[in-house]
Structures are given as structure tokens and as C-alpha cells.
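Enquirer: Each chain, letter by letter, is given below.
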Amino acid sequence: MATLIIDGQEVHAEEGQTILEVARENGIEIPTLCYHPLLEPYGACRLCVVEIVAGGRPGLQTSCTYPIEEGLEVLTRSPSVVEARRVILGLLLSRTPNVELIQDLAREYGITEPPFPTDTPDERCVLCGHCVRTCAELVKAHVLNFSERGIERRVGPPFLEKTRQCIGCGACTIMCPTGAIEIVMERDAVYKEKPLGPTSAIWVPSMQAVPRVPVIDTDACIRFRQDDRTEGEIADACGACQMLCEADAINFDQEDEIIELEVGTIVVATGFEMWDPAQLSQYSYGKSPNIITGMEFERLSNAGGVTGGEILTAEGKKPERVAIIHCVGSRDHNAHPYCSRICCMYSLKQAHLVRDKTGAEVYEFYMDMRSFGKAYEEFYERIQEEDVTFVRGRGAEVEVLPDGKLRVTGEDADLGQVVHADVDMVVLSTAIEAPHDADRVASLFGLSRSEDGFFAEAHPKMRPVETNTDGVLLAGTVQGPRDVPDTVAHAGAAASMALALLDKGEVTISPQVAVVDEKLCSACKTCLSLCPYTAISFIEEENVVRVNEALCKGCGTCVASCPAGAITARHFTDRQILAQIEGLFRVPA
Amino acid sequence: MSNNGFEPRIVAFMCNWCTYSAADTAGVSRMQQPPNVDIVRVMCTGRVDPAFILKALALGADGVLVSGCHPGQCHYQKGNLNARRRVMALKPFLEAVGIGQDRLRLEWVAASEAPKEAEVVAEFTETIRQLGPSPFRRRQGDD
Chain D
1 MATLIIDGQE VHAEEGQTIL EVARENGIEI PTLCYHPLLE PYGACRLCVV EIVAGGRPGL
61 QTSCTYPIEE GLEVLTRSPS VVEARRVILG LLLSRTPNVE LIQDLAREYG ITEPPFPTDT
121 PDERCVLCGH CVRTCAELVK AHVLNFSERG IERRVGPPFL EKTRQCIGCG ACTIMCPTGA
181 IEIVMERDAV YKEKPLGPTS AIWVPSMQAV PRVPVIDTDA CIRFRQDDRT EGEIADACGA
241 CQMLCEADAI NFDQEDEIIE LEVGTIVVAT GFEMWDPAQL SQYSYGKSPN IITGMEFERL
301 SNAGGVTGGE ILTAEGKKPE RVAIIHCVGS RDHNAHPYCS RICCMYSLKQ AHLVRDKTGA
361 EVYEFYMDMR SFGKAYEEFY ERIQEEDVTF VRGRGAEVEV LPDGKLRVTG EDADLGQVVH
421 ADVDMVVLST AIEAPHDADR VASLFGLSRS EDGFFAEAHP KMRPVETNTD GVLLAGTVQG
481 PRDVPDTVAH AGAAASMALA LLDKGEVTIS PQVAVVDEKL CSACKTCLSL CPYTAISFIE
541 EENVVRVNEA LCKGCGTCVA SCPAGAITAR HFTDRQILAQ IEGLFRVPA
Chain X
1 MSNNGFEPRI VAFMCNWCTY SAADTAGVSR MQQPPNVDIV RVMCTGRVDP AFILKALALG
61 ADGVLVSGCH PGQCHYQKGN LNARRRVMAL KPFLEAVGIG QDRLRLEWVA ASEAPKEAEV
121 VAEFTETIRQ LGPSPFRRRQ GDD
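Those protein sequence lines, which keep their order, are chains D and X. Using my numbering, the letters of the first sequence correspond one by one to residues 1 to 589. Using my numbering, the letters of the second sequence correspond one by one to residues 1 to 143.
Next up, chain X with everything else stripped away, as it sits in the complex:
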């Protein structure tokens, strides 16, 4: 495997109504996707406190994916828009502390878009693989 056998560890916060269902469907439909992503289910991406993202990164996650319903299709009307604001606000901070903003990603994946869910997971895993281990993880000597 590229990058000296580095296997990224990714935490994904998925909303119950859209992306989590899509992930479920992708699984049931036996769609192939890398096993590097661990899912934390939340009712809405609006529930994702930036502290959760920082916690995951601090514990050694190489990337964090936040994924929910498309704008305008939020089960709670606009929780996903709040999530977008929070993610956008967090990105410059991640850049400043040296983690890099590319390790945090926000994606809209509707419940019906199981193939897209698998694609996003595969593509994000590959991006993180290219970026290499998170600086936090390197310092902790986890690898």
C-alpha cells in the first residue's frame, strides 16, 4: 500500500436521516468501501459540536467527515446549515494549529444516494492517505 502501509483512521459523523441511511443501504447492497471509516451516528449534523471534531482529531483521527442531508432537505429544516457554518468556522482554526483544513470534510449525501456515500468514503480515505498521518498521531507515536 502507498505511503508505507499507512492506513488512515477516519471518524465520520453522519446524520440519522440521510447519510446514515445511505451508509446502511450501501452496506445492505454490498457496495465496496474502505474499512477506514468509523461512524458516529447523530440525529442531525446540527448536533455535531466542534468539540467532537477536535476530540476525534486529538485522539489521533487522521480525518473527520461530517455528512448529512442536502441543503433544503434537512429533516429538522436547517440543522445541516448550522453544521455547515460550524465546519466552515473550524477549518481556518485547523489550518492554524497545523492539522490542515483538508482533514475535515463536509459532504451532502441523501438517503437515496448509497453509491455516493461509498464514493465519498473511498475518495476521502484516499485523500487522507495521500496527506499522511495526522501530526497529532505522529507526536503521540501511535504509529
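Pulled out of the complex, with its shape left as it was, chain D reads as follows:
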């Protein structure tokens, strides 16, 4: 701990801090261009000069590189400091006369015109070296450096040539205070395009989540990319988030874990997937960036999204006309014959959002409006009053016109006419479907699937959350398309059912089990390997096999395989089945 005086104010500082840091902590502003808390001090711009009047080395010194000492007395705005800054700013303004940041700073010090003429009035680089040091210290790519001397001094890769060493991370453009660096989207330079996706490598996937924890996208994070690219040689790149996180919560070593739990019941809630509308070419999805799905619209209109919640076309303009097409891939025998149930209501909500945020004309192409839930019909009526044009009839085709506009064609069943709407944006309300790997989940839990691909419940009316596998329950859209209130109700039912099973503490087993007549058992052990539940065990002392009735599910495979005929399946005995067969032939057909 040291005590020093800045502008007559007594301040305390930690050993090793610089004058600039201490001043900033105490609310004393010192202008600077080249200082950055994530980078090592550099002393390039000289704007942070202060005058040391007592202690240390007296005279003008750069505060960003000057370590504090006990008893130091500093002036940050003395006449000689101001004069020095005026000279520096005059030179900077002469170099970059059109950079606003420099103009503002210069104006603060009474300079409105550049004192010297320049041949390159568009120059933006102030040679602060943020980019050079970011590239070297943080990214550790060492692509950028200074070359030449004096007025020739400039920043660039070696010999100002393109280099493969650049990983295209864009950190230099973010750190540049004057916007002098631009990323040119050359094919090799684009690492991974994420349209409407996260805007940085560390982001919060769901703003409503509790706890609201950010995640690192390892495909985009500079640290992970450098580690991957150099096969571990550069393992400590960037880490800016770690340096800035006051809670010390960033952990780069976290890895996926497989956790094994012993449980009594399982609720399968693996959800749904959005269907890809590119599979029906008439909707031209993918042919224009302004043809988007309902899910992409949600991202667009999300306050945490790329446009900050503004509804804009790909050209960055507010749309004047928007078409929303219902039932894309639903109620369509070329895709899914079923109704996806959620789309009518979210399409109405999106129509409202477009009207509210942009005032654009909205055309809804619908076949039937399925506003089935509580207060849904009232919401539909409200949207009708918001001047949304409803066209009754499936949107048949979307065409990208040569000028980039989109033409939606459909039959208006009320008019009995084919109608067109030329719009700036088309939102496709796409179907929801079972996840692509639902078959794997099905075989894992022994579930069956209904024709639509969703998991089959034990009974469509009486047992809507149970499955045919004991203790495995369904919640939400795994069983079929449903909206949020229905999903919450269904999931609540599944949770209660799971608790009811657990609370009982015992399970009721089916009486349909296999039993061994131990007198007949020849101990051949054929049945042992066939039992999928390891319910049969061999009793060494008695030289027989025995069935554990709690484990046996009653499939009867062992019964059919027993060469001695010693195993009987209760309620499906050989005698019963043979009698059935005989019965069939007792009466002539």
C-alpha cells in the first residue's frame, strides 16, 4: 500500500499499479488511446502524459507505464501537460483528420483544424497498437506488427501480404478504437458462418434460464481454436473473459461428463425437431435470405438476437409487406399428414409482432384457423382487428423475383381465385416432427412409435403419459405436437405419475410370468442365455433353474425353447395355446 497525491487529492494504491490505473480508480480522467485493461502497457500514444512534481522522476511522464511510488505527487492537467497533449493531438489530427474520436479529443483541447496538411485524408489508423498487441498477447497468432519508421510507420502482416497465420478471429477489429481494420469476407477467412446465430463465442443460450449461465462456443472461441489448430502448442490464447470475470467463474477445463444414476422411473422428454422446409421446393426456402422459418423469425425478433429485436430484412431494412404461410409441411401428404398444432397461434403472435414493431402489411395464408385453447379464439379476433389480411387457402408457392422481392401465390378459397402477394419477407410456419434419432431412444427404452413418428402412449385416452414399458413415462412433444400449456399439463401428469410410482415403494407385477417345473428341468441351461431380463438363474445345489418372478416380464421365449417342456408361461400355457388352435379347427370353416 502506498499513498500518493494526484491533482492535490490523496489516494491509496496497491504496489505495482500504474499512475493511470490509480487515477481511473479514483475517478480522475486521463485521456489515452493505447491503454487497454486486457493488454500490457505500451506508452505509444503519449496522450496520458502527466507531470510529476514531487517524488520519482520529475517532469512529463506517461502515466500508463509509470509505476506508483510512495509520496509521489502528480498533476494531470497542469499547463505543461495540456500543452504536450495539444501538440500530440495536433499531430494525430493531421494524420487522421476524419476520425471522430480524434476530432472530439482535439476539440476538447481547443484544436479544430489539423495543423499540418495530409495526402491521405482517409487514414484511420492512430498507431495505438491495440491490434498488434491483441494479436500477439491475446490471440497469440502474431500476424500484425508495425513496419517502417516515422510518418511511414504502419500496421500490417509481414510484407503487407495475406498470410495463412491469420485465423480470422476478428479480435483486432473489435479492439481497434477507430474502426481502421475491416474483415473482408474472403472464403478462407470466414471460419464459421452463423446466420441469426450467437454473435460472440461466449453467450447466454436462454436469457430466461435459472441460473442464467453463459456458455462458450468452442468452435468460435479463440482459445479453443488456437489450441485445436496448433494441437496444444498454444493452449493459453486470449482468455479475455477469464481476465475480466470478477467472480472468477470461467473454467476452460470443463468437459462433458457421463453421469450414471440408479433411478426408479424415467420420464422421456426428448422433445421435437423443426422440419426443414427445403424439402418442399415450392416454398423456395434457402433461395432468398428473406424466406425464413417461424423459428428464425423468433430469433430475429428476440431482444437478445442479432438485430436486438428489430424485425429487419436481410438488407437491414424494415419490411413493408410480410407474408406468413401456415401449415408448411403440416396437413400435407407430401410431408406430414398431421396438424402440428402450435403454428396457428405462433403465426398470429408473429403477425402481431410485425404489425407492432414495423407497421408492415401482413398477409396470413391459412387453411383453417385452429385457435383451440383457452383465450386463443379471442386472441385471433384481436389480430383480425389489427388490420392483418387473412387469406383462406394454403400458400402454394413462393417465388423469388429478379429484384429480390418475393411473390407468394395461393388460392383464396373465399374468393375462389388465385391470389398473389409481393412481399419483402416470408415466414414459413413449419411443421414440428419427432427428433431424427427417435428410433434410438425408442429401442433404448423399448418404446413403440405411432405412425406420425412420435412415441406411442399406453392408451390414447386412458393412459396418455404411460408407455408399454413399466416405469417409463412420456412428457410433452415426444408423444405428439402440443403447445406450451398442454406440454406443462402433460409433463405435470408424468411427474405426478412418476412420484406416485416411487411413493408406493413397491411395484405391482403382472401375473403373466414363467415358472419352472423343477422335476422336469434337465439343467440344460438353454433358457439362461435367451432370457433378456436375466430373470432365470441356475441353482447349483439343486441342479435346476429357477425364475425370479419380479424380473420376469412374461415374454415366454424360454418356454418356447425348453427342450424338456419344463417351463410354463402362466396364462399362456402350452395347453391353452394348443387348445386355442384345436378350437379353431373344431368347427369347419
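In short, the hints are calculated from the structure, not lab data. Check each hint, because a few of them may be wrong.
To be verified - Cross-link-like lysine-lysine pairs, in silico, BS3-like; alpha carbons within 27 Å at most:
(1) X/Lys55 to D/Lys525
(2) D/Lys318 to D/Lys349
(3) D/Lys374 to D/Lys318
(4) D/Lys461 to X/Lys116
(5) D/Lys374 to D/Lys405
(6) D/Lys317 to D/Lys405
(7) D/Lys504 to D/Lys525
(8) X/Lys55 to D/Lys405
(9) D/Lys357 to D/Lys318
(10) D/Lys519 to X/Lys91
(11) X/Lys116 to X/Lys78
(12) D/Lys374 to D/Lys317
(13) D/Lys525 to X/Lys116
(14) X/Lys55 to X/Lys78
(15) D/Lys349 to D/Lys374
Given the structure is predicted, the values throughout are model-derived calculations rather than measurements.
Start from chain D and add chain X according to the hints.
Expert: Relative to the frame of chain D, chain X by itself:
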């Protein structure tokens, strides 16, 4: 009707979870299918002892259908695979004793495949109709 008014008699062993449910759904959905098939419900096709198949044929069945869940979707994990092995082992025997292996068929029909169930029944009935009465039935003078 073709083949001198011959109406095949077919015994079908269907598993409780897949094909039997499919048959149920087909019935409830009023799907048309020939009335020649009599169903014996078993919990799993794995329960089908080859003796049941032989018994049915011996009593005069013209065809036997064994039908259960698709491989990998067995309610009992792999009972249907055991059934497949047994049916495959039985077929050469049926050929050798003169019944012919085409009178025994194994089909995978999931619970959701009611239309397929009706189709399989119709198609198998037609196959047996073409094959004519089982040699056993002819000897018994049942017809």
C-alpha cells in the same frame, strides 16, 4: 372364386404389443381384410413354439403367419429375433415333409402399421389361395 372356391384357413400368431395392436387398430379403423385368418395372441413371438406351428398345420391349416415387432423394437428386447431363428429353422423341415416353406411366413408389423397388417393378411391369404389346400388337409379329406 379362383381355385374351385377354395377358402384358405390360416392361423396367425401375433405378438401382443405390435401386430395384435395393429390388427386391433385395423379393425377399429374398419380396414377391409379377408376373414381367412384366425389370430392366436401371444405376449411375444418369442413365445411361439415350433410345435404350435406344426400343430396348426397338422390340424389342417393351409398357412401359418407369425408376426411381431420390427427387429430392435421388441417389447422384450429380442424375443422377435428368437422367433426369427425358429421360423428359419422350421422352414427347411416344412419343405422336406412336403408342406412347403411358403406356407409359413414371418412378418414384422409394428403397432402403428395397421394398414400394413391388413395388407400382409390380404397378401398372405392370396398366396395361400394360389398354393391351394395344404397336403395335410387334402389327405384328411377335410374339403
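Enquirer: Could you tell me which of the numbered hints above are not met by this structure, giving the numbers in increasing order?
Expert: Violated hints (numbers, rising): 3, 5, 7, 8, 10, 12, 13; every other hint is consistent with the structure.
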